[in-house]
Structures are given as C-alpha cells and as structure tokens.
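> So you can see what is in the structure, the chains are spelled out below.
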Amino acid sequence: MTLETTRHLKHDTPDRDRRLDGMAQGVIGTDMDRPEGALKVSGQATYAAEAHPESMAHGYLVRAATIGRITGSNADAVRAMPGVLHVLEDERMIRNAAQGMAGESPVQKQGRSWYVGQPVACVVAESFEQARHAAQAMMVTIEPDGTHVFDAEAEGAEIETPEKKQVSQGDLDGAMASAAFSVDHDYRTPSMSSAAMEPHASIAQWEDGAVTLRGSYQLLRFNKNELADVLGVSPDKVRILSPYVGGGFGSKLGLAPEAVAAALAAKVLERPVQVVMHRRQVFETVTRRSETKQRIRLACDADGKLTGIGHENLVSQLPEETFSEPVAQGTHFQYAAPNRVVGHHIARIRRPAAGSVRAPGEAVGVTAFEIAVDELAKKAGIDPLEFRLRNVPTEDPETGKPFSSSTMEATLREGARRFGWTHTAPRQRREGEWWIGTGMAGAVRVNMMIEARARVVLTGAGVRVETDMTDIGTGSYAILTQVAAEMLGHAPAQVQTILGDTDLPPASGSGGSFGAASTSTAVYLACMELRERLAAKIGVKEGELTLKDGYAIHANRQTPLSEIMGEEEWRALGHLKPGRAGQDVRQATWGAIFAEVAVNDTTGETRVRRMDGTYACGRVLNLKTARSQCHGGMIWGIGLALTEALEHDPRDGHMVNRDLAEYHVPVNLDVPQLGVHFLEERDDWANPLQAKGIGELAICGSGAAVVNAIENACGVRVRTLPATLDQVMEGLIARG
Amino acid sequence: MRAFDYVRAGDTGEALRQGAGEETRFIAGGTNLLDLMKLEVMAPGKLVDITRLDLGRIGETDEGGLRIGALVTNSDLAADARVRRDWPVLSRALLAGASGQLRNKATTGGNLLQRTRCYYFYDRGEPCNKREPGSGCAAQGGMNRILAILGTSDHCIATHPSDMAVAMQALGARVEIEGQDGAREVELSEFYRLPGDTPHIETVLAPGELITAVILPPPAGGRQVYRKVRDRSSYAFALVSVAAVVTVEEGRIARAQLAFGGLGPMPWRDARVEQALIGETPTKALFDRAADILLADAKGHGGNDFKIPLARRTLAAVLTQATEAAA
Ligand SMILES: Cc1cc2nc3c(=O)[nH]c(=O)nc-3n(C[C@H](O)[C@H](O)[C@H](O)COP(=O)(O)OP(=O)(O)OC[C@H]3O[C@@H](n4cnc5c(N)ncnc54)[C@H](O)[C@@H]3O)c2cc1C
Ligand code: SF4
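Quick mapping for you: the protein sequence lines, in order, are chains A and B. Okay, so the first sequence: first residue is 84 according to this note's numbering, each after it adds one. Okay, so the second sequence: first residue is 2 according to this note's numbering, each after it adds one.
Hints should not be assumed to be uniformly reliable.
[What the hints assert, rightly or not] With a cut-off of at most 25 Å between alpha-carbon atoms, the simulated SDA-like pairs for lysine to any residue come out as follows:
no.: 1; chain 1: A; residue 1: K660; chain 2: A; residue 2: H94
no.: 2; chain 1: B; residue 1: K106; chain 2: A; residue 2: R362
no.: 3; chain 1: A; residue 1: K620; chain 2: A; residue 2: N639
no.: 4; chain 1: B; residue 1: K39; chain 2: A; residue 2: T224
no.: 5; chain 1: B; residue 1: K300; chain 2: A; residue 2: I816
no.: 6; chain 1: B; residue 1: K106; chain 2: A; residue 2: M280
no.: 7; chain 1: A; residue 1: K388; chain 2: A; residue 2: A508
no.: 8; chain 1: B; residue 1: K285; chain 2: A; residue 2: G814
no.: 9; chain 1: B; residue 1: K285; chain 2: A; residue 2: A817
no.: 10; chain 1: B; residue 1: K285; chain 2: A; residue 2: W517
no.: 11; chain 1: B; residue 1: K39; chain 2: A; residue 2: D732
no.: 12; chain 1: B; residue 1: K47; chain 2: B; residue 2: A21
no.: 13; chain 1: B; residue 1: K300; chain 2: B; residue 2: R194
no.: 14; chain 1: B; residue 1: K47; chain 2: A; residue 2: E209
no.: 15; chain 1: B; residue 1: K285; chain 2: A; residue 2: R510
no.: 16; chain 1: B; residue 1: K39; chain 2: A; residue 2: S210
no.: 17; chain 1: B; residue 1: K106; chain 2: B; residue 2: L35
no.: 18; chain 1: B; residue 1: K47; chain 2: A; residue 2: A160
no.: 19; chain 1: A; residue 1: K123; chain 2: B; residue 2: G101
no.: 20; chain 1: B; residue 1: K39; chain 2: A; residue 2: N740
no.: 21; chain 1: B; residue 1: K285; chain 2: A; residue 2: R512
no.: 22; chain 1: B; residue 1: K300; chain 2: A; residue 2: D732
no.: 23; chain 1: B; residue 1: K47; chain 2: A; residue 2: E212
no.: 24; chain 1: B; residue 1: K106; chain 2: A; residue 2: S125
no.: 25; chain 1: B; residue 1: K39; chain 2: A; residue 2: A220
Worth flagging that the hints you see were computed from the coordinates, not collected in a lab.
Working from the sequences, and respecting the hints, build out all of it.
The following block contains the structure:
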C-alpha cells in the first residue's frame with residue numbers, strides 16, 4: 084500500500100523544539116563519510132559527460148572573436164568537412180549562462196555578438212575531434228555595431244544607479260569631518276572565475292517531443308524552466324539529470340550555452356548530442372565575478388567607536404543582465420554607526436557576463452571592508468581585534484531588527500584565543516629575507532532559506548530520500564542521509580538518497596549556501612510526518628516515540644520497524660516555504676579569521692604560513708563536509724588575496740588568461756595547514772534544524788586577514804587585489 | 002585538432018627519414034605540442050613519435066661532462082645523482098618547473114623547444130606574428146605581464162618559458178643535433194634566435210633536424226643557485242628566474258656564470274655582466290653595477306615594467322647568496 088501525505092511549513096516563527104537534539108540515532112553532526120565518496124574516488128560516479136547514449140553525436144561551440152551583428156558564415160564549407168552532421172546557427176542559442184534562479188531564458192543570440200567570446204554557433208559531428216576541428220574552421224562574419232566600453236572606470240562607461248540600492252542615513256560627511264580618526268580609500272578587486280574542476284557538459288536526447296538533458300547544474304528546478312523557455316516547450320517536456328556535479332561555485336546556477344546547443348542540435352538530428360565546453364569556453368560563457376571598485380569611508384571617535392560608514396561600489400555587467408554584484412550586502416549590518424552611506428553603481432560594459440560566484444557580495448565586499456577596518460584601527464592605535472570588539476552591533480544597524488543570533492563577539496574572542504593573537508607594529512619580525520606578520524578579519528554572510536520539497540519513503544527495509552537537490556561536491560548526499568537517518572532511527576547505510584533528477588520533488592538546489600539548510604528542512608518535515616504516522620500506528624504520542632537502529636522504542640518496548648511496517652511503503656513529502664522568520668530578524672553567519680604570512684623583502688612574494696578560522700553557522704549537520712567547505716572558502720580567500728585575477732584585454736574586453744595555467748588558483752604549496760573551528764550554535768529562527776549556510780562564509784574576509792598580515796609583516800598596504808608580488812615589491816621600494 | 006598522420010620511429014635514422022617531409026613534427030612527451038595542436042596553434046599534418054628512440058640515457062663524456070639523451074625526462078634528469086651532486090643548478094631549475102605529472106612526461110629535447118606562453122600566441126582570435134607571420138603583435142598594447150624586457154623586437158616580445166634551459170645556459174651546455182646530412186653540435190648560447198622580424202623562427206634547428214642530446218661541460222663547482230620568482234608558489238612560469246654558478250677565491254669572484262629566465266626570448270646570458278663581476282670583491286654596489294649592465298637595454302611594455310626592478314633585486318639576492326655561501 085502506498086500513501087503519500089505532505090507536511091508543509093511556512094517558516095514564520097522560531098522553532099524552539101530543537102527536535103534533532105532529542106533524537107537517538109546519534110549520526111547528525113558527526114563527521115560521517117560521504118555515502119557516494121567511494122564511487123567518486125574510484126571513478127564510478129558518472130558525471131555529465133560520462134554517460135554516453137548510443138549513436139551520440141558531438142557538438143563544439145564556435146566563438147565570436149568580435150562584437151557586432153552577425154551577417155553570415157562559412158557554414159556551407161564547414162558542413163562539407165569530414166564527419167560534420169550539422170551546423171547549428173539557431174537564434175535561440177543563448178549569449179551566456181542564465182543568472183541564478185532566473186527560471187527563464189537568458190538573452191538569446193538573435194543575430195548578435197555582445198561580447199568577445201560569445202558562442203555564436205555549434206558544429207555537430209560524428210566524433211568530438213571532427214566537431215572541434217570543424218568548429219575551429221568556422222568563420223562567422225560580424226559587422227561592428229558601434230564603439231563599446233570595456234572598463235567600468237573608463238570614460239564613457241554607461242553607469243546605472245538603481246535607486247533601491249542606495250542607502251543614506253545620518254550625515255556621513257559630517258561624521259568624517261568631525262571624526263577623531265578616519266579612512267577614505269578606493270579598494271579594487273579583480274574580475275574572477277569560479278574555475279570549477281568539471282567543465283560544463285550536457286547530453287541532450289529527445290523522445291516524443293520531450294527532452295532529457297544530462298548536465299552539470301546546481302538549481303535543477305530553475306534550470307528546467309530556463310531550458311523550456313529557451314526551447315519554447317512546456318516545462319513538463321523537460322527533464323534534467325545532474326546526479327554528480329564536479330564543482331559549481333555559482334557557475335552552474337544558470338543554464339549555460341552548451342546545454343541549449345545540445346538540446347537544439349539533438350532535436351534537429353533526432354539523435355543524442357553531447358556538448359562539452361573547452362576550459363577556455365567555460366571561462367568566457369558562464370558568469371564571472373565582477374571586478375569591483377569600492378570607495379570605503381570610515382569614521383570613529385577617539386575610543387575607536389565607529390561613527391560613520393560609507394561603502395560606495397562600482398561593478399560591471401553586460402547590458403540586459405539583471406544581476407549585479409551586491410558588494411555591500413554584509414556592510415548593511417556588520418558594524419553599527421549612526422551615519423551610513425551605501426552606494427551601488429553598475430557599469431554596462433562589454434566584458435563577458437557577470438553573475439553569482441561563491442558568496443556574491445560578501446566575498447569581495449567584506450574583504451575590502453575588513454581591510455579598511457584594519458587601516459582605521461591602525462590609525463586609531465587600537466589592536467584590530469579590540470577595535471572590532473568595540474564595534475559589535477547589538478541589532479541590525481540599518482533596520483533596527485534584532486539578530487537571529489549574534490555571534491560576532493564570540494567568534495572573535497574564540498578565534499583569537501585559538502590563534503594566539505597578539506598584535507605588534509609592522510616590520511618587527513624578520514627571518515632571513517622574509518618579513519613575518521599577522522593579520523585578522525571578521526567574516527559575515529547573510530543566511531537565506533529557499534522553498535524546497537523532498538520525499539522520504541519508509542519501508543520495513545529502510546529509508547529512501549528523493550529530491551531534485553544537487554550535490555555539487557558540498558556533501559548533500561551525506562547530510563540528507565544523516566537527517567533522515569537521525570529522524571527515523573536508521574543506520575545511515577539503511578538510508579538511500581537519490582538526487583539530481585527533476586522528476587523528483589523540487590528542492591532548493593545548491594547556491595547561496597541555502598541548499599543544506601533548506602532541503603534538509605524539507606527532509607526533516609517529511610520525516611516528522613512519517614514519525615507521526617508511526618506513532619499513531621503504535622498508539623503513542625510522536626514526542627514519546629524513540630526511533631533507533633530500525634526499532635521503535637516506547638514504554639520500555641522495542642518493536643522492529645519491519646514488523647510495524649510489514650509490506651507497506653509510506654511516503655511523505657516535506658515542503659518548506661520561507662516565511663516571516665527570514666524577514667522579522669536579521670539572519671547571518673559570523674566568523675573570525677587569523678593569518679600569519681611571510682613577505683619576501685627582495686621580491687615581494689607572499690607565503691601564507693598559518694590560517695585559522697572560527698565560525699558560527701548554526702547547527703553543523705556534518706562536521707567533515709562543513710570543515711571541507713571552510714577549507715575551500717579559506718583557500719578561495721588566499722586566491723582572492725594573492726593570486727587570482729581574470730585579465731581583460733583593454734581593447735576589446737576579452738579574457739586574456741582564460742586557462743588554468745595563467746588564471747592562478749592557489750596550488751597546494753600556497754596553502755598552509757588550515758585550522759577550522761565551529762562554535763556550537765542553534766539558531767531557532769533559521770529553521771527547525773537550527774542549521775544555517777556554511778559554504779560561503781569562510782571566503783568572506785579570509786583574504787582580508789592575509790592582506791592585513793602583509794601590512795603587518797612589511798608595512799606595505801595593498802588596496803588593489805590580488806596583492807601580487809610586483810605591487811608589494813613596489814611598496815617595499817617606496818618605503819626604501 | 003587537424004587530422005594528422007602518425008608514425009612511430011624505431012631508430013634515429015627512421016625518425017630522420019620520416020621527419021623530413023613538409024608539415025611534419027616530432028613528438029616526445031607531447032605536453033606542449035598536443036596542447037597547441039588541440040587549439041590549432043600548431044597543426045602539423047604528420048607526427049613522428051620519437052619516444053622509442055634510444056635517447057633516454059644519461060652518460061658521462063670523455064671530458065668529464067654529461068651527455069643527456071634528448072628523451073631523458075625532466076623528472077629523471079632532476080633526480081640523477083650526478084646532476085644533483087655536480088650540476089645542482091640544473092636539478093633545481095627542473096624541479097622549479099611545471100608539476101610532477103608534467104615533468105614525468107616532459108623530455109629534455111621537448112623542453113628546449115617548448116613554445117612561448119604568451120597569451121595571444123595561444124589565441125587564434127588574436128593577431129600574433131609568431132603564430133601567423135605578418136598578422137601583428139597583440140601583446141603590445143595588451144596584457145604583457147609575463148612577457149620579455151630584453152631582446153625583443155617590434156614584431157614580438159615573447160619569452161622563452163623554460164627553467165631547465167636557463168640552468169643549461171648558465172652551465173654552458175651544447176646541443177647535439179642530427180639531420181639527414183649528419184650530426185653537429187651547437188652551443189646552447191647559439192641555439193636560439195632573437196625574434197627580429199621573424200619571430201616564428203626560434204632556433205637554428207633546420208626543419209627535420211632532431212635534437213639527440215644535450216652535453217654538459219665538466220662540473221664548474223662553485224656555488225650554484227636557481228631562484229625562480231613567480232605568481233604562486235608552484236606551477237607557474239617564471240616572471241624572473243636566475244641561474245648562477247659562482248666561485249669566490251680569496252674574497253674575489255673567480256667565476257660567474259649567470260643566466261636569466263622570464264626576461265628574454267631565449268634563456269638570457271650576457272657575458273658583459275659576468276666580466277664585470279669576475280675579479281671583483283662581492284658587494285651590493287658591484288651587484289648593482291652588474292644589474293645596470295644586464296638591464297641597460299631593458300624595455301618594459303606596461304604590464305611587465307616591474308620585471309626591471311624585480312630582475313635587479315633578484316640578481317642581487319642570488320649573488321649575495323652565492324658569494325656569501327662560498328666565502
Ligand atoms: C601547465 C603547464 C605548466 C608548465 N610549467 C612549466 C614551468 O614552470 N617551467 C618549464 O620550464 N616548463 C613548464 N611547462 C612546459 C614543459 O616543461 C614542456 O611542455 C615540456 O618540457 C615539453 O617537453 P615534451 O617532451 O612534452 O615536448 P613535446 O610537447 O613533445 O614537444 C615540444 C616541441 O619540441 C619538439 N621536439 C620534441 N623533442 C624533440 C627532439 N628530440 N628533436 C627535435 N624536436 C623535438 C616537438 O616537435 C615540439 O615542437 C609547463 C607545461 C604546462 C602544460
Ligand atoms: S609577443 Fe610574440 S607571441 Fe605574443 S602576440 Fe606578440 S608576436 Fe605573438
């Protein structure tokens with residue numbers, strides 16, 4: 084017998100029951116291995132480009148080398164090349180990947196090339212090599228359509244200033260003028276790439292007017308609608324499968340050009356088509372992190388209490404994209420000060436499209452801001468840790484809303500203790516050619532919840548979790564398994580978690596650090612539903628029911644679930660809808676990061692020697708995957724601070740260093756032993772699990788700790804990231 | 002990748018016969034050639050696989066040097082006990098290059114002949130005189146952080162990216178070459194060509210000629226240093242590198258062999274710099290003078306201007322290290 088019932092939760096009020104703490108299985112929060120880990124390390128997890136249907140053809144995208152109107156091509160000649168089956172020049176091809184949660188088509192080609200590097204055609208052939216060669220031989224004629232600007236700070240750049248994104252409270256100019264100490268500097272962060280390991284790849288196959296796409300995506304329920312919209316079919320004709328995703332970091336939030344090309348070509352050819360993007364195409368066609376120019380003004384009184392905060396930002400974006408890097412997202416609430424200005428300006432220029440990259444907003448905004456705070460603390464002659472402690476906000480300073488939990492002070496104190504923080508003046512420690520110094524920064528990231536559904540199926544034999552949630556390397560398989568195992572009293576091995584299929588109930592997807600908490604809550608709700616049904620069947624109250632190791636325990640009796648369930652299969656759907664709990668209070672995650680660096684006095688090279696992060700992000704669902712997320716975030720911080728920058732050609736905006744040899748992500752030798760510590764926390768406002776986002780917090784601020792440590796080591800303050808050796812060396816030369 | 006013919010040569014004679022045709026390339030480790038072929042920056046019609054040739058040995062020469070077969074991998078060469086003991090600058094340079102995986106595949110001959118890493122050379126959408134003679138040079142007026150400040154021309158400002166070759170240049174290596182007409186030896190210092198108006202011609206190797214070995218002269222002794230400055234701790238090409246073989250006798254520099262990576266279109270060696278050092282007492286002022294000579298004609302192109310002070314400072318630090326340790 085199969086019966087499916089649904090439990091809805093619109094999350095309006097804090098949930099103080101903390102039911103997970105009362106469960107008996109004891110797997111939640113442990114450092115359980117990923118259930119799919121062995122498949123991954125033994126090469127048996129089939130990623131997007133690895134499950135080849137029979138008679139599959141291969142497509143390869145063709146790149147626009149200039150900007151303008153497309154007036155023709157040598158498609159006829161290309162069609163005659165060996166193995167070529169089709170030259171796709173469809174106007175429905177998309178110009179760049181969709182923005183996260185767009186749920187509709189991004190700007191389509193429609194006869195134009197908007198930026199250098201845009202995909203403008205796709206050549207399909209019998210073999211990958213034939214397709215690639217023919218694509219490289221394809222020439223698309225593009226008539227220039229005027230002059231364009233390629234640098235947000237260049238003269239003539241069209242600047243938008245959306246009214247809703249400007250904040251002005253009190254009198255910042257006055258606060259600056261009357262401040263005991265102040266700073267006013269421009270900080271710059273570069274254009275960046277998420278550089279996920281797995282390049283984007285899709286295999287499309289049509290049957291009876293419906294398309295199945297095997298791809299590598301983060302937000303399947305949105306991606307499904309995006310693909311349907313592009314193709315002009317109804318969403319129920321689209322199925323997307325993404326069981327394994329080799330890293331996304333935002334680059335796989337939105338449907339990308341390879342998926343559309345594969346679907347369009349497969350339709351024409353009536354056979355499956357795979358399109359894998361070359362690494363260089365991934366750089367150009369999926370969204371990058373915008374470069375930023377941030378003017379930061381800070382004023383404080385003689386005691387180091389902030390009196391004024393200004394954070395005015397310029398970011399870049401292609402015309403007609405809705406997203407713009409929300410640089411000041413953390414500034415709105417990280418520090419209190421009565422006089423506040425937040426400015427947000429968007430330059431519409433012709434660099435490849437920008438979009439969400441891991442921790443959009445705070446990754447670069449908190450980083451620059453925490454450098455500025457360091458500068459002000461120094462001016463005021465106050466230890467930067469102490470300076471921050473004096474400025475811990477007691478409520479959201481902009482809106483007056485309470486914090487759902489306020490852990491800034493606790494993370495700062497505990498982080499400092501763990502690191503052994505002491506602060507000295509710059510240029511005090513020298514080892515041979517190397518200056519040694521320490522730096523610190525606060526970390527903050529907004530917490531978000533997204534609508535999510537998940538099904539949990541209980542039988543006498545075990546538990547099955549089904550949802551279209553994705554695991555982008557983050558650990559979704561592990562934590563959803565743990566939540567179900569804990570709630571229904573099973574060993575994790577008895578729980579099977581099936582993800583990444585739009586035929587399953589639509590989850591939050593993975594992005595914005597909302598995936599774990601949102602979809603886990605849906606699983607939790609489904610489990611609660613099943614617990615109630617079990618309790619009813621046994622004849623006890625749900626709250627009096629203990630489930631452990633496949634047994635129901637109540638009133639000193641232990642009954643195997645297999646006995647209670649018999650041959651029945653119970654299904655429950657959990658459905659979370661975010662509600663007022665996310666609006667009535669300010670929800671955020673907090674952290675503190677400490678770093679020790681060595682700076683070479685000859686060359687300006689920086690080596691990070693030690694890095695330690697202390698974080699508070701609600702209940703930790705899995706210690707191992709949570710720690711991995713923070714390791715990753717801290718390493719991203721090192722990249723942001725020292726090595727990563729996408730360079731755009733000044734003459735046409737194209738990405739010059741679009742490969743992993745010249746786009747420098749940190750390598751092993753750049754990364755020291757990393758310390759990660761979580762404060763025990765339950766945030767009742769977040770959700771019934773008291774869990775919050777983790778995936779992005781550690782990148783927000785860690786780069787600042789490194790840059791601040793450089794200043795402490797050698798006295799050189801870098802305000803344009805990354806702090807490449809030439810910048811530091813020039814600073815050292817200027818100091819003499 | 003353009004379709005190509007593939008033959009595997011059994012011996013040097015066969016390789017030379019097979020390699021004689023038009024549009025033919027030898028392939029060794031393939032770590033550079035295959036990347037370039039995938040991007041169609043290079044598009045040979047025929048590949049002659051030389052990996053089965055008997056060129057994988059390191060032997061001693063009568064004069065007390067080493068003969069390094071062209072197919073000796075970068076990993077094996079770096080690990081060779083004789084190299085580590087008597088030519089340590091070479092071992093260090095090799096280990097500063099690429100990654101463990103790449104060094105396992107990369108060969109001595111292939112390393113000498115690897116092409117520039119100029120971003121625009123790799124990009125068929127951009128003009129590049131080296132890739133397509135006469136098309137222009139996008140690096141000038143574009144991104145040129147990693148490009149050259151010495152030996153450039155209006156036609157090309159690319160660097161030769163090798164670390165290994167820089168150490169070999171400092172050691173005074175010779176290249177053993179075989180062609181259809183027989184064998185010859187060329188000083189490594191004569192092997193590479195400046196770009197002039199033909200940046201696509203990079204060496205004195207004639208089409209179809211095979212590098213069979215590199216000869217190292219007898220150990221120079223002294224203090225040997227390889228210092229590589231780059232944009233991350235590992236797995237990045239040199240912005241500036243210095244290979245130094247220096248002997249100090251009675252407080253004066255008796256021998257100085259210096260070569261530089263990241264500065265020019267070839268592993269750069271300047272006899273005038275070495276002359277200025279020999280016979281002198283090592284001092285900061287002397288090292289500065291050496292840098293003045295080295296960099297007298299240096300020309301930055303915007304993004305790589307910093308290489309001029311960086312080369313000066315790195316040279317001074319290397320000479321300090323080499324002379325202090327020996328003193
Ligand atoms: C990501 C990356 C990072 C790297 N980093 C560094 C670095 O930091 N430092 C560094 O020095 N190098 C670096 N390299 C380059 C690497 O060292 C070279 O690719 C390698 O040495 C080339 O050797 P190979 O045997 O693979 O050459 P192949 O790719 O096989 O050949 C290169 C060229 O040499 C020709 N050739 C090969 N052998 C012979 C021969 N015996 N006679 C005549 N012609 C021949 C081929 O025809 C071809 O034109 C890096 C490479 C990559 C991909
Ligand atoms: S520097 Fe040389 S390799 Fe680079 S674009 Fe100019 S010509 Fe080509």
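> To test your reading of the hints: which numbers does this structure violate?
Structure breaks no hint.
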